[in-house]
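Trainee: Protein chains in written order, with my numbering: chain A, 206 to 509; chain B, 10 to 798.
Hints listed in this document are in silico derivations from the structure and should not be mistaken for laboratory results. Source: prediction; values computed, not measured. Be careful, since some hints might not be right.
Distance condition first, Cα-Cα at most 30 Å in a straight line; then the derived DSSO-like pairs of lysine-lysine [said to hold, decoys possible]: (1) K82(B) with K283(B); (2) K82(B) with K245(A); (3) K47(B) with K34(B); (4) K461(B) with K452(A); (5) K461(B) with K409(A); (6) K178(B) with K245(A); (7) K312(B) with K461(B); (8) K245(A) with K447(B); (9) K447(B) with K409(A).
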Amino acid sequence: MRPFSVTVPESVDEAVEALARWGSEARVIAGGTDLVVELKEDRRSPAVLVDISRLHELREIRVEKRAGARGEDEAESVGESDVVWVGALATHAEVASSPLVRAAAPLLADACAHVGSPQIRGRGTIGGNMCTASPAGDVIPPLFALEASVDVAGPRGVRSVGVESFFVGPKRSALAPDEIVLGVRFRAHGPEHVSFFRKLGQRKSLAISVVSVAFAARRLGPDTFEDARVAFGAVAPTVVRARTVEKALDGKRLDAATARHISRLAFRDVMPITDIRGSQAYRQEMACNLLYEGLLGLLSGNAE
Amino acid sequence: METARDKAAKDGPQDEFSIVRHRAKRVDAVEKVTGRAKFGADLYFDGMLHARMLRARFPHARIIRIDASEARKVPGVVAVITHEDIPGARTFGPVKRDMPVLAFDKTRYLGDGVAMIVATSLEAADKALELVRVEYDELPAVFSPEEALAEGAPVLHDHAPGNIVNHHKVRKGDVDAGFAASDVVTEREYRTQFIEHAYIEPEAAVAVPNPGEGSVTVYGSIQNPFTARRVVAEVLGVSLNKVRVIQCAMGGSFGGKDDIMSCMCARVALAALKTGRPVKMVNTREESIVEGYKRHPYVLKYKVGATRDGKLQAMEIRILADGGAYASMTPFVTWRSVVQATGPYEVPNVKTDVYGVYTNNTYAGAMRGFGSPQIIFAHESLMDELAAELGMDPLDLRLKNGFRPGSVTATGQALDDHAVSLVEVMQKAADAIGYREKRKAYSEAARRAGTKKVRGVGLAASYRGVSLGGEGVDATGAIVSVQQDGSVYVYAGLAENGQGLRTIFSQIAAEELGCNLEDVVFMDTDTSLIPDGGPTVASRSTTMGGNAVRDAARKVRETLLAVAGEMLGTSCEALKASGGRIFVDGDPGRSLSFGEVARAAYNRGELMAAFGWYKGPKVWWDEEHGQGRAYFTYVYGCQAAEVEVDTETGKVRVLKVAAAHDVGRAINPATVEGQIYGGVAMGMGYGLLEEVEMARGVTRTRNFDEYLIATSMDVPEVIPIVVENPDPYGPYGAKTIGEPTCELLAPAIANAVCHATGRRIRELPLDLEKVLLGRSLKAARGKRGSEQA
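The shape of chain B in the complex, shown without the other chains:
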């Protein structure tokens, strides 16, 4: 903690910043609101063809034969592409290479692509789709982790005979001894649902062949251009430098445009090389929901022991994650779960097992939260349940066990080099919602008979590892290039996904250079212009990329200050750069404009561009014992909710949410608040509304009439509380905000509903029936065709 403060002091107090820490307008706001931003589906090239996918007919089947002869005869059809047309790798995947670009031996879920029609019009392609004859041998299938793990269950992948994707564990102390030392032992099971990212823009990609270089350029709605490039190159069987990936404006991603976009990019690239023409593919919303990966449903069994005064003694946790048909990010998602499964509490004895399991459901992968929303729903529901058993207030129980400076996590990591602010965020959120008073007042009100509408308050807290942690290489780069008129380009290896990265990186560049924010242009991410800086995931952009931009900008500033020093006849140490001027500190009369200095530097032949790089601090992980320094730093958050429950209908109205998040330092308080508002809306959907319903592998909720996200009418008043405890590693002390905001509200609502009604609901979402009846009756559902409306 001392180090964090020291570092912050070195970075200077707040009033020394002129751009960072200010509520700068988003640099891409105008192009987005005026509709000028170009998305993947907006692109058009001369001679461009359209591609459409034929998807699997059975969730699990062997492919005997694909006959496209009739489809090829349809006027306008230029090519029908199957696995036989793939020159390179037929499969891809971030951890296990188990996902086919085009199915060849088997189909394992209904989103698998079997054949691709490439035609001069979508109409011709659609017509041809109906004429492709695929002969299948249908196989028995599994639709839940329990089924998949049963003795003699059908096997999806030869490499995984037990259908297990991975097994992560954490072992600390002796849980048996811990339970023996406990006065109260509580066991509970919680369940979460499949969740759709629900980005506003469905997937789109266009590939343009470059015959001269024997290569291809792919544009699209791509979260991770470097990942997409690697997959395209492997599938085409070419080296990385033959593939150029350029990211278009993104209509949202939330972790959802990774694997599916790598696959789509590979498909259109194949089609472009086969036909020699540009090829575009755009998913409909229904295709997007059927094909796209989801947030994992978890089954979570928690056993917790505590002494009568509320001190936690042991936790034993067993989690099954439905990974669906392919491994995708399941090994990493479940790794974050295993690290954080006990929540932000000191637990001396821990035994956690998390299994990722293959099923014939839609595969699950990265989604905002990445393995945290599920475990937080469980451990934060559990804390309230334990508090009830102990006769304690749930907040007091959390305060008693919550991490403090120097606490040791379940994985044996001492939290001793950053500000451990759990208590601070809990108290701030609780105060803002009026937790203590309402907890008491509503309990009394509920005792009065005959009240149709009852109110409650509840909260949930978490800690979260910043960036990739033990997942792997954690480094990224940026280029800052000053032009002779003082205008600036910034390039980065991380990409704008809608989260505001362009603005944050531009602010950091402008802050360091001393130019104006308006002088900075952030360039689209292009894999041919900048080294591979890893994926834009894990809320790592500000911390990692921010440091890289800062590094690059500081190098250029040194050059410019040296030139300015010569021009002003002083040493560069005496100079300051701010607000578009470079001046003698304490004597602002002696100054030059940023542009004047840039021109002079250019005329002197100085290098005015620099490459910045940041490699994350060391982390380590012992997979065998589940111990290690899992992440180099952590953030702490708490959200509190006030709800009103209609006891006649089960309808939950969220009245107010207070969200306190330690972000280290807010580079842009307005975009931090934006992340909080968005995360709260998403967390509310997770808690009350959203569920991708799958019936024997068939996605029933295929559009937004049935997959319900919170509308602007539903989102309540949100009180964002931005807590700043500068971190020793982040730029200006900044840490993370993207994901923590969406992981807390579901359990806070569940706890508030329980406070209001006395009914504990252990399965998400808390829809009308579950709140009213305590269970869902929808299990025995009819087919879509028999629906009423």
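Looking at chain A on its own, in the form it has when it is part of the complex:
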């Protein structure tokens, strides 16, 4: 590890100023669960760390905009199409246990509950997981399935980026060196929404995903769905939407056989590589199987 200095901004503006001043010499640190490893291995050697852990407003999880008028006593609840905002500094543990997220986007809460270990979930942040931009990042597929947008602050002000445009390659995001992620927003799910997050790892804890899948849709009938959004992790340079699958699912009445058939279409949407955690062929197969298992769980007379 090389020596570096640390600056601790008290506001988003100060943080952006610090980044503008130091440019590519600076790195933002939040939980540090990825960055500190990179520092120790000299994979990154910034001159300055901008520690944003005091920007408490970025830790909030809240309903940002209500879709309809409701009474006082419902202020803390979440309704369909309410807009939910999760601050970048919310930790995985906080997101996983947030009643609001559990109600509005259970697949995101599930994904956060499966990140790393209790220690990593306690320190690692949802914004950090996004900035690392690993195609195996567990938080990202649910954000794709939620069609979330990302708020980013920089010297030119705050901009909002669609989550799919935010990730541009393996470990590369659309974030400029002088920008920070403020948080993500997405529309809350209502009672007719169904969703799941599934992940395949070698072991039960501290497992980097071999393949992961997030699914969200609106239920039309017992075995019929529309607006399906399917996103896979660890099977392409970034998390990817499986649009062939989504189209095939739309309005189609599913049984085990059709679910299997449609899941196989994921072959067309993913392009995994072979690495230390799995081969290309195995990953392709698993993308299909994980999706199939998940779909089966949603069907009325499911085989399990």
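For chain A, the structure is supplied; the task is to place chain B on it using the hints.
Mentor: Below, chain B alone, put in the same frame as chain A:
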């Protein structure tokens, strides 16, 4: 067997023990859980310097020139040390002296140390590392035993032109005749992987020069202080008494802190003498995994013949062990393999050949199991495969051929002077897991179509030679020293490695003396205070060291009882010592406290310390014919596993493990169970998760994000079954538990997976792809840089 019982009777029934056989709390528990225990990396001395290693750039290369002139100019750098600075031996090794302390002619794997920077700070040392210029002439290299044995293969060591480290054999009967007499002959090939010890504390050592005596003291995370002392002395070119090695608290070893620590101790000692200042070296996890030796990968070819009713007739076995760049313990590891290769079964005709082979991979050496996990994976998979061919239940096949009292091993040793409890452990493990019922129920369930998750049960059994056997000298010592207030020091030549030796030795001392366990303090192992008692290996501590402690404590007890007898006006034969009191047997009212007796003995000028020594019973070995009394006694174990396999993903969940182990006698049932839990977790990693992946000599799994050990979330319910058949040789009948616990689960899981899925996997580990597809597709892997995550 009669002798064992007689001996046990002489030692007295269970209720006569007040400390031994009790679940005593570990004596070092508080210092460990409160963080007060001092590990090697915790040590600090005034003026201390930090050392860092420059390692090889090529797995096989000739070193032309090392130019450290720029590195020496870095502010803070005090010395750059290369092979030219070594005053004594440049190489070391337990069997063959083939490993350089600092590479001089060639590098043979990427962990070789080429130059050592000694600086006032780690930052300065790191900066200097980049400025050392090493000119290499890269040589062709070999990365598997098959490559290394091929005609015209590059040669690693001049002394081994065929790259063979050693060849052990066993010859018994006539295998051709045996196969001719067989109705079924089955041939199979199995493969195992490189395994990392994965101790929680990476290697650390500090050397402090003692200028007055012209010598050096080395502290560190050292498994075998006497081995380290010998290497340091040889490298420095000084006599043994000029080097003092003191063991720190150990954050695990599992056999892994032997050669690598001897080397690190020699390096820091060199640096300390060169600079005249204390020098510390601590490996990062990545360095530890790249440099540290591994459990050997084996390629095992087994041919077995049996009659139709399942009686084994012959086994022919050929094994290649990848020893990596240096011999290390390969000759001894493969020797245990050759002795035990046929498993705990009566086989009239045996031909076994085991070759240790040099390659340019990371070298392989001692690791918990020591040549047994590989062969047990093979012979226990084979027994299930043979049972399938014969249409027999695998347990029945084992029961039919398993060792019984008086059985003769493959090496011609009659098992006639200890309790041969193989059948007992197999039946107990099978009963605990519900083997018979589940074997039947799951087979039927699997026949039902459309089940996504399938279950299976399987088991594996072994016998294991206790202690060093034919490897060499087997003796060790201890000192028990009672102070005038009745408190006690115990010193031993064997060392605490985390296995619980301090507790066991303290219990034995307290039991014999009759004092309380709290009155005993076990001292750190220090080579200047106690004679060389050999290495802490081969699960030998309780058997060998326990006897030595007992011997010492009994000598002191005699003195104390004589004094107490005079004080109480009775003969010492009439006295008993227990629970901190010495009293007249049958008349506890006439008693003295242990402290009172100690004070009186002190005031009378009696010697209240004693040296104990235990020399193991005789063993012999005929290397030419592979026959002999390989070990003086054996332990028997069986582990049974129940698994659930997800047929969509290949994921194996181990639901339950029953582990039955004959330990002779449990000195501390709680620590025996602890060994079982730990061994099961390790065995599970061996079976399902762990693999050091090496690509052309480059270690790809350098930290625990990619080298996967089982977490507490993965380890299933474990049912420990402690079987006690007291042994004639061990203290109180105690034998061995450390290693047997980790050698059985991988084949038990493989057998259970086969029961569940019908798919036999002959290569470890049973990772997702192998279980789903029957093979790994990861062979054509990209480089690390092209990885996705």
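Trainee: Evaluate each hint against the coordinates.
Mentor: Right, here's what the structure says about each hint:
1. For the proposed pair K82(B) and K283(B), the alpha carbon gap of about 17 Å is at most 30 Å, so the pair holds.
2. Taken as a hint, the K82(B) and K245(A) pair is honoured in the structure, with Cα atoms around 25 Å apart against an allowance of 30 Å.
3. For the hint linking K47(B) to K34(B), the alpha-carbon distance of about 20 Å falls within 30 Å, and the restraint holds.
4. Distance hint between K461(B) and K452(A) is fulfilled; the C-alpha atoms sit about 27 Å from each other, no more than 30 Å.
5. Between K461(B) and K409(A) the CA atoms are separated by roughly 19 Å; this keeps the pair inside 30 Å, and the hint holds.
6. Restraint check for K178(B) and K245(A): the C-alpha separation of about 48 Å exceeds 30 Å, so the hint is violated.
7. As the CA atoms of K312(B) and K461(B) are separated by approximately 35 Å, the hinted pair breaks the 30 Å bound.
8. With a C-alpha separation of about 50 Å, the suggested pair K245(A) and K447(B) falls outside the 30 Å cut-off, and the hint is violated.
9. Pair hint K447(B) plus K409(A) holds up; C-alpha atoms about 25 Å apart against a cutoff of 30 Å.
Checked against the numbered hints given earlier, this structure breaks hints 6, 7, 8; the rest are met.
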